Amino acid sequence: MPELPEVEVTRLSFAARIRGARIEAVRLGKPLRWPLGCEPRELLSQTLGDVHRRAKYLWLELERGGLLIHLGMSGSLAFVDHPGPPGAHDHFDLVTTRGTLRLTDARRFGAVVWANSTDTGMAKKLLAGLGIEPFDPAFTGNYLHSALQGRRVAIKPALLAGDIVVGAGNIYASEALFEAGVDPRTRGRRLSRARAQRLAVALRRTLQSAVELGGSTLRDFRDAQGVAGEFQLHCAVYGRQGQPCTRCGTAIRRIVQGQRSTYFCPRCQRP
DNA sequence: AAGTGGACCTGCTAGC
DNA sequence: TGCTAGCAGGTCCACT
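Quick note on the working numbering: the first sequence kicks off at -11 and runs consecutively.
If you are wondering where the hints come from, they were derived from the structure by calculation, not from laboratory data.
For clarity, every value in this text was computed on a predicted model and none was experimentally measured.
Built from N, CA and C at the ideal position, the CB exists for glycine as well.
Nothing false has been slipped in among the hints.
Now the in silico label distances, taken between C-beta atoms and shown as ranges:
{"id": "1", "residue 1": "Asn130", "residue 2": "Lys18", "range": "40 to 50 Å"}
{"id": "2", "residue 1": "Ser180", "residue 2": "Glu12", "range": "48 to 58 Å"}
{"id": "3", "residue 1": "Arg86", "residue 2": "Thr234", "range": "35 to 45 Å"}
{"id": "4", "residue 1": "Val244", "residue 2": "Val215", "range": "27 to 37 Å"}
{"id": "5", "residue 1": "Val83", "residue 2": "Gly227", "range": "36 to 46 Å"}
{"id": "6", "residue 1": "Pro232", "residue 2": "Glu49", "range": "40 to 50 Å"}
{"id": "7", "residue 1": "Pro259", "residue 2": "Gln213", "range": "39 to 49 Å"}
Could you put together the complete structure from these sequences and hints?
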């Protein structure tokens, strides 16, 4: 579910409402990808500040540190006044004076990790080595082109890796490559400066558009207010193998790269 | 250093 | 109807 747009849409849907709330209780369900990293009672009585996003992580500011949240493959957050009893896949509740923030995550690839300012633990490690934000003005065609030098891996898995630029996952990497007209099998270092420029623009536009459409709801994504996204209705290639390209009519192909599906138009997208 | 494949975990769907 | 194989929005880690 959650690539950059879904994470950002989630953030926008509860950040203003949770700011200033005080934590009253914490409930943990089954283990997530990493342990919380503190005793739940250490969070009690702390007041929440701003909610930030870095790559596909959310960062909830607390008085004495913060919580780093990742939604994994199947996670979503809900912020509600009166939550029902936790279901089988509800693995974290943050009960506050303004409502309860609940993480639902069937596959449990997600995580909630505590960190404070002197932290040298998991949270810091997770954020180290992340690439540039796609909306950062420093993310340019020239940056992308030079970062790809010395990379013989194909451009699509290079976008997913997250060490050059963050935010694109399996849907938006395929969509951005289609918009840029770049064959996903093109090796990184073979991408010309001009094509890197087109790709940088396409990636930013694709992600921006997806945020504006509320993200993609392929199966069960909802923002923290329960609202579904609509980007999936605008996908040009993702999940459309065998169907005609919206631009030229050629059948969309599905291939596997790095154990993930890639979708592209063999006519519109060139090396 | 960069590239590759396995691992984590559960649910759903297509096919027999 | 029931079982099984394959697939799913992520990314860390060990190994070459």
